[in-house]
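**Q** Chains A and B supply the protein sequences, listed in that same order. Just so we're on the same page, our numbering is the position in the first sequence counted from 1, plus 320. Just so we're on the same page, our numbering is the position in the second sequence counted from 1, plus 18.
Simulated from the structure, these hints should not be mistaken for lab results.
If we take Cβ atoms under 8 Å as the criterion, some of the chain B residues that face chain A in the derived model are: (1) ILE53; (2) ARG103; (3) ILE109; (4) SER111; (5) ILE113; (6) GLY118; (7) GLU124; (8) GLY125; (9) LEU126; (10) PRO131; (11) GLY133; (12) ILE250; (13) PRO283; (14) VAL290; (15) LEU300; (16) PRO304.
Have a look at the derived ranges for each label pair, beta carbon to beta carbon: (17) B/ASN77 - A/VAL473: 50 to 60 Å; (18) B/ASN136 - A/HIS582: 12 to 22 Å; (19) A/LEU650 - B/ASP193: 29 to 39 Å; (20) B/LEU126 - A/ARG372: 26 to 36 Å; (21) A/GLY617 - B/ASN136: 17 to 27 Å; (22) B/GLY174 - A/LEU446: 32 to 42 Å; (23) B/THR130 - A/LEU357: 46 to 56 Å; (24) A/PHE615 - B/ASP193: 43 to 53 Å; (25) A/VAL473 - B/THR130: 34 to 44 Å; (26) A/VAL473 - B/ARG189: 46 to 56 Å; (27) B/LEU87 - A/LEU650: 25 to 35 Å; (28) A/LYS572 - B/SER151: 48 to 58 Å.
Positions of the beta carbon are idealized from the N, C-alpha and C atoms, including for glycine.
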Amino acid sequence: MPASRFTQTGNYRVRYQQDQTIFATSAEQASLIVGVLLLLALPLLLPKTLLRDVNMIMIFAVAVLGLNVTTGYTGLINIGQAAFMGVGAYATALAATRLNLPFFLAIPLGGVAGALVGTFVGLPSLRLKYLYLAVATLAFQIIFEWLVGHLPVLAQGGAISMPTVQVFGIRDSFLNHNRFWYYLILPVLVGLGLLWRNVLRTRHGRSFIAVRDNDRAAAAMGIHPGRAKLTAFMIGSFYAGIAGGLFAYFQKAVVIEDYGLHTSVQLLAMAIVGGLGSLPGSFLGPLFIVALDRFMGNASEWLGAQNIFPQGVDAATALRPLAFGLSIVLFLMFEPRGLANWWRLVRLYFKKWPYKF
Amino acid sequence: MELLPQLLLAGVVIGSIYALAALGFVLIYKSSRVINFAHGQIIATGAFIAFALTQRGLNFWLAGLIAMLITFGLGMLIERVFLRRMVGEPIISVIMVTIGLSSVIEGLIHLTPYGAGNFSFTTPAVLSGEGLSVLGTQLSRTQLAGVLTALALLGGFTYFFNKSTLGITMRAVADDQMAAMSVGTSVERVFALAWAAAALTAAAAGVILGLMSGLTLGGLAGIGLKVFPVVILGGLDSVVGAIVGGMLIGVLENLSAGYLDGLVPGGGTREVFPFIVLIAVLLLRPYGLFGTKEIERV
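Isolated chain B (complex conformation) (with noise of 0.2 Å):
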């Protein structure tokens, strides 16, 4: 069996990208109560600052981190100018906000050269060695550092929150709004900062994913879809269900490709298998494994 193991492995190196956009999800799901739909976009757009900036001639890790860096301060900005204004409106509107967002970023990014084409980064040397040998099949030293990275951030921010004085007032924040201002929390810091974490771990997603697989504004932005049911199965308020959600729906996604798409006429199941299992979740368990379940009383 030759072929397992593969699948597992190919799980679990997407999954971590998914876990990493997902974290980012929950992250501003968590503090503002916000789906935010404009995520594939602002993952492209990390990307693509990185990439813009290897072009120039910059050194490919410079460029990851000062692409990590603009993208903090672009999801302060978008939270200051267009997500302030919708505290407190009915959530179709907040959604609805976030779905122009996504639109509008795509019609920017169509805008400079890298819209249409296909890009794939210049692998560093440290990179294009050999890679290593787990279970029997092979892991390139791009997947290795990808997963090692993903893995590096989520657990800075899983340690963040739960130590650090900032983590625990997004927290707070998170729990009871009314009560965190009531004890002189700024609210409205919270919730810049968590745009600017997600967008920062979003540009992240969106570097690995770059080296990874190449780079194409379709692809990239197509993450943002696929973080709906890792979120969904992980629970959208919970960092530890985003990890395992994005590891769980990656292996089952490779799996589903691996072993029923033999079964279905023109294959392909790798692309609707996720939202199957989301609308599995859904029906059986809403708030997913590690959410939070609220209760109802009328």
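Okay, chain A solo, but in the shape it has when bound (with noise of 0.2 Å):
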């Protein structure tokens, strides 16, 4: 046990036993209790408009974090994670109505659908570079979008609405939907994460991260670039089809317009808000633009009630997105490493407190 039990300062190692551990003190163990009751007893505890918001930061966050293998840590620069979303969301819906599959293998087949494309979508990368490959994918974000609106099957584009779901007894209704949903997707992220954290961990997370820097130096280390950019891919994209999935069945119904261009851009600033390439980041994130987006939101409806902007002017549709840009200018700007960065300065004073260093 560690001389002080609260703080690290004043720990000191001597033994490798105690340097692998897990929990430095015991605060740490306990605050990891207290942070996963938090997160369980959060649908008791909020109000129900807020979850719904929740509800869409977790999956949102899925996403993030498959956009984070493929741009955060290979460089990939993918503007098309929202299309990847959508192969998913689409699978998904399809599997679910016409095949009469429930729900818990209707998401994984998404998954593997929206992986499936990505690595197919990822072939350019072989060749490809930088700008090209972020042209490269900003391109299948327009056919498929385009596809979608054209293909009857998928009902050109309009809602596909989602079966609903039972579990354990619980039937997914109008009365417990986003507390229902909740609980669904909090275990599915919890163990997406888990899942990120270990992959980069492997050789293939190094790898990843060593085309990242230099493909060329890579390839003349022995690590296949192409190989290890259609991994990063499918992986990426992996997590978007399950993101897609479980967005299919929380909005109960899949309409092109929520896997539009827009909602790339979304996911993008996301990940550059949250830091490149960080797992708090890929919380952080989709909380930051979501709560930016609701609060633009009521504060332009406060605001257009007050009569200041001329006649004609939507505030709502013209403050959003200056507020969402500039968030995105700034941070790149002042704090390119993103909110991951301040997550770290936290821990690091609390790590280091009472001392300044």
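Since each chain sits alone in its own frame, please combine them into the complex, following the hints.
**A** Encoded structure:
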């Protein structure tokens, strides 16, 4: 047991065993337990309208985790993450409505569909780099939107409604919808987060970083850059597919508008604001962007009522993109490492407390 | 066969606007290796400034000219405030800054009364007369004027790059920044100029497009996406490529609308065909028709 059970200052490790412990102090262990309990109790504490946003944040966090694998870790700019989400959502919808599969099979199927399509779209990455790849994913995004809009199987982009889900005798209904899905999305998010952390600790994860930092050097060291890039695309779009499946069930319907270019840009913004290539950032980014959007919606409603703007101006359509764009630009200019860096600084402060260094 | 010449002509008309839009894009990429996702929004800004000026009772031609001058300054300002800090940052950051800027500009346009509506210029008297008959199809005077203006601007810039000292300086910076700096060129000034010139051509494209097919934010900003197939086909860093690519994409788009729409349920191949061309070009010839091929050795 460490000398101080509350802070790490003053604890010296003399054996490897001590160095390898997951929890350095009992305070850390306690905070984890409190955190998990808080997460489980959250639906009981929050008002219903906010819980809806929390669910959205969690679903986006799954997609951003995937985007962080491709863009944050491997450096492949992906402006088509929403399209991969869409692939997952439509695959899930088809599996659920045509094949009558239950949701715990349909959602993973969506993930696999996303991964397959993602690997295929990632194929140009074998020859192309940086900008060209960004443009290739952008093209895929646009072709995807067009294709869905023209396929009768997919209701030509119109709404495909999802069947109602039942787990352990509890039915998803109008009354408990947000709570019901909160408890279904939370374990998926935690599980995929743990998977993310561990995949990046393997040799695949290390080869991603090597390819991002310098792919020629990586090739010289014996890493196959093409294979690393394709693996990254596969994992990233698998996450997107799962997020799409969850989103489809949560929204009760699949509509093409949810998976447009705008959503792709939003996901990229979440990854950037949270901090590229970091686990806490993948949660903080969606939290920030969804909260900002919500706040600007409310603020512009209030401002609109004050008659400040000239006739014919809808404050919400003006202020929301303005705040969204400004937050991206300001983060990139002043805090390129994103909110994850602030989180790191806060943690560092408590680690060193009561000393400053 | 009435259809083919009609499609070809319509393609050339819209293609010249694509070329003009792509020119601005190439100008920025050529000098500073920045892909500008906000180009469509700058096009819209230029068009709406001109429109706002004509609303105040200004002559159309004068309004267009002033709009181009204002966006010239605006481009310089954007480079100065946002892009200058990003020199040396990873490409993803630079791209995201321009994506963020596109959102900011769109929000700002929505703050004016021009964000949501559908407007059109009052056509100047010179352009409202009888059109010209080419290859058995009618070409209106506005279309003709648009193509001629676009070609004049494109020709002017090509001449500028090949003959003037400033143009050669910009090419030198594009070629090798380090070398250009070491012989005393101000790279910063070149970047600012490239952004300013790009914004100027964007405003011109916006005004021409507004004159031909009306002013909506979505329609004008949408040109920003059409630029990608054009520049990938022509080559990201080639002015000639922008011109040829613009015309080719314009023509291909119209041909697909004319001949493929009947085969596809729902039609609308016009929107997607350029992007299919884009993917094909990326797979076969990533540096485009006229782009510089980058050679890598491990």
